[in-house]
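*Asks:* As you go down the protein sequences, you meet chains A and B in turn. To convert a position in the first sequence, counted from 1, into the working numbering, add 41. To convert a position in the second sequence, counted from 1, into the working numbering, add 3.
Keep in mind that the hints were calculated from the coordinates and are not lab data. Accuracy of the hints is not assured; some may be wrong.
Computed from the model, here is a short list of chain A residues facing chain B with C-beta under 7 Å [what the hints assert, rightly or not]:
1. Glu203
2. Thr207
3. Pro222
4. Gly302
Which residues of chain A face chain B? A partial, calculated answer using Cβ under 8 Å [what the hints assert, rightly or not]:
5. Lys200
6. Leu201
7. Val204
8. Tyr206
9. Arg209
10. Arg301
11. Ile303
All values reported here derive from a predicted model rather than from experimental measurement. C-beta: ideal position from N, C-alpha, C; glycine also.
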Amino acid sequence: MFDLQKKNNLKQKRIRIIIAICFPILVLLFWQYASTVGLIKASLVPAPLNIVKTFLSHLESGKLWKNLSVSFVRVACGYFIGAVAGVLVGFLMGLFKSVNAALNGIVSVLRPIPTIALVPIVILLAGIGFSSKVIIIAIGSFWPVLLNTIHGIQTVDNKLIEVAYTYRINKLKTTFKIIVPSAIPAILTGLRLGMSSAWMSVVAAEMIASSTGIGYLITLSRETANARVMYMCVLVIGVIGLFIDKGLTRLERYYLMKTRGIADVK
Amino acid sequence: MVETNNILDIRNLHKDFYIKGQRREVLAGVDLTVKQGEIVAIVGASGCGKSTLLKLITTLEDITSGEILLDGDPVNGPSPKCSMIFQEARLFPWLSVKQNIEFVIPDSVPKAEKEKMVEHYVELVGLSEFMNAVPNQLSGGMQQRVSIARALATRPQLLLLDEPFGALDAFTRMNMQQELLRIWKEDNTTMVIVTHDIDEAIFLSNRVVVMGKNPGVVRSIVPVNLPFPRDRTDSAFLEIRGNIMREFLDS
Chain A
42 MFDLQKKNNL KQKRIRIIIA ICFPILVLLF WQYASTVGLI KASLVPAPLN
92 IVKTFLSHLE SGKLWKNLSV SFVRVACGYF IGAVAGVLVG FLMGLFKSVN
142 AALNGIVSVL RPIPTIALVP IVILLAGIGF SSKVIIIAIG SFWPVLLNTI
192 HGIQTVDNKL IEVAYTYRIN KLKTTFKIIV PSAIPAILTG LRLGMSSAWM
242 SVVAAEMIAS STGIGYLITL SRETANARVM YMCVLVIGVI GLFIDKGLTR
292 LERYYLMKTR GIADVK
Chain B
4 MVETNNILDI RNLHKDFYIK GQRREVLAGV DLTVKQGEIV AIVGASGCGK
54 STLLKLITTL EDITSGEILL DGDPVNGPSP KCSMIFQEAR LFPWLSVKQN
104 IEFVIPDSVP KAEKEKMVEH YVELVGLSEF MNAVPNQLSG GMQQRVSIAR
154 ALATRPQLLL LDEPFGALDA FTRMNMQQEL LRIWKEDNTT MVIVTHDIDE
204 AIFLSNRVVV MGKNPGVVRS IVPVNLPFPR DRTDSAFLEI RGNIMREFLD
254 S
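Bound conformation, chain A alone:
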């Protein structure tokens, strides 16, 4: 299992790539087979090919895109608010011990609450319109950004602070030219995780109170007992989430490579 990893072991690598490609295909083939011969009920678990068909028809009719674009706008707005707030509060908590002392207790209590549990409260406070969805997404993306920003600032290398001290660099310059740049890799990680979290929150928000969006499409398909649409939507959400994460990871790595000649993206 944990064999010694030797460099340039192409054979091992190649085998792993083949497994990585073949196993999911095998699963799909089995799924297709099981569903067609009636091993599993097609009304509960539709066959992959039928899900693809549903996907194509929804794509053609524009129904999928219409709902997705609504979700995208909500995510964009909510994420923007959540990320900005996360970075700002993160800076304040990371830089000022008094702010940290004041907010730490509140953060520790609120943070473990799943976003979906907040949906009823947000609806109570903000109604069922656009704003309540944006708020839920903002909350969802806020936490990873906040925590990573705080972490980035608090883990600034003390050796660099010592350098600043011996060269009599003032506090303002130390903060903005050393502490902030030190925290950037962690902040980027937070922004990436926040985006994933925002995308997960939109579905939660739309499943409860909405008449548009990808989450609504799932709710609707449940009400009409349309398993194909249900599965199709879930898979689309997964694939989009994957692309968002991969895309942002790349962006992060590119940025760090470009500015520091090294990228250690976690």
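Given chain A, work out where chain B should sit, using these hints.
*Replies:* Frame of chain A; chain B shown alone:
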């Protein structure tokens, strides 16, 4: 005040650390003077307080008792008269070589002059081609050169080096030692270098301060009256080496 050409004057310096409430005496009455233009090496086993001594001069640590005079004035906060080079280059990874050096030059210096200074010191350490490289693109030895250029760019009268080549491989280290001597000749900055490498101490310095530990004291000061550049296989070199070695073995 008595006029002297002592850049550094350390008098009866004591430093205690408290570890879990237990007092530990790290330095117990250290006296040392360093003259203008000198290179003084401090050698000692780990834990003898030689690095702490440099930290006290830069006020990274506070004195328990005693006095440190820098160019005649007692130290009181980090002084522009002295720069410190650490074992690690401690460069800012998001800044280029040029920006790293510019960073420590006071903002009161006009931009054109700043640029000239940076160019001068980058050239002095032989890295002109790498002005715009970031630290991660440089080797360990090159990074330490940038750190030396950065330290010199603030025009200190005293350069403190805390095991500056300790993290480098043997060949790079020898090369850097020669470089340091060349820079010293060109720039004529007084240097205090802490090392655990006796050869390095003899190769570089006018005087070798041998420290003993528990608590840290100056055991002896060995003058090295050999012309530069020194030959590590020369009999006079080896004799001094033997004397210093004996200091350690005797304890």
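*Asks:* Against each hint, give a clear statement of whether it holds in the structure.
*Replies:* So, going through the hints one by one against the coordinates:
Annotation: interface hint on Glu203 (chain A) holds; nearest CB of chain B at approximately 6 Å, less than 7 Å. Taking 7 Å as the C-beta contact cut-off toward chain B, the hint placing Thr207 (chain A) at the interface holds, the least distance being around 5 Å. The closest approach between the C-beta of Pro222 (chain A) and any C-beta of chain B is roughly 5 Å, which is under the 7 Å cut-off, so the hint is satisfied. The criterion of a C-beta within 7 Å of any C-beta in chain B is met by Gly302 (chain A), whose closest approach is roughly 4 Å, and the hint holds.
The interface hint given for Lys200 (chain A) holds, since its Cβ lies 5 Å from the closest Cβ of chain B, which is under the 8 Å cut-off. Checking Leu201 (chain A) against chain B: minimum C-beta separation of about 6 Å stays under 8 Å; hint holds. Look at Val204 (chain A): its Cβ gets to within about 5 Å of chain B, closer than 8 Å, so that hint holds up. Evaluation of the Tyr206 (chain A) hint against chain B yields a held restraint, the C-beta minimum of about 6 Å falling below 8 Å.
Interface restraint check for Arg209 (chain A): the shortest CB-CB distance to chain B comes to about 5 Å, inside 8 Å, so the restraint holds. Interface restraint check for Arg301 (chain A): the shortest CB-CB distance to chain B comes to about 5 Å, inside 8 Å, so the restraint holds. The closest approach between the C-beta of Ile303 (chain A) and any C-beta of chain B is roughly 4 Å, which is under the 8 Å cut-off, so the hint is satisfied.
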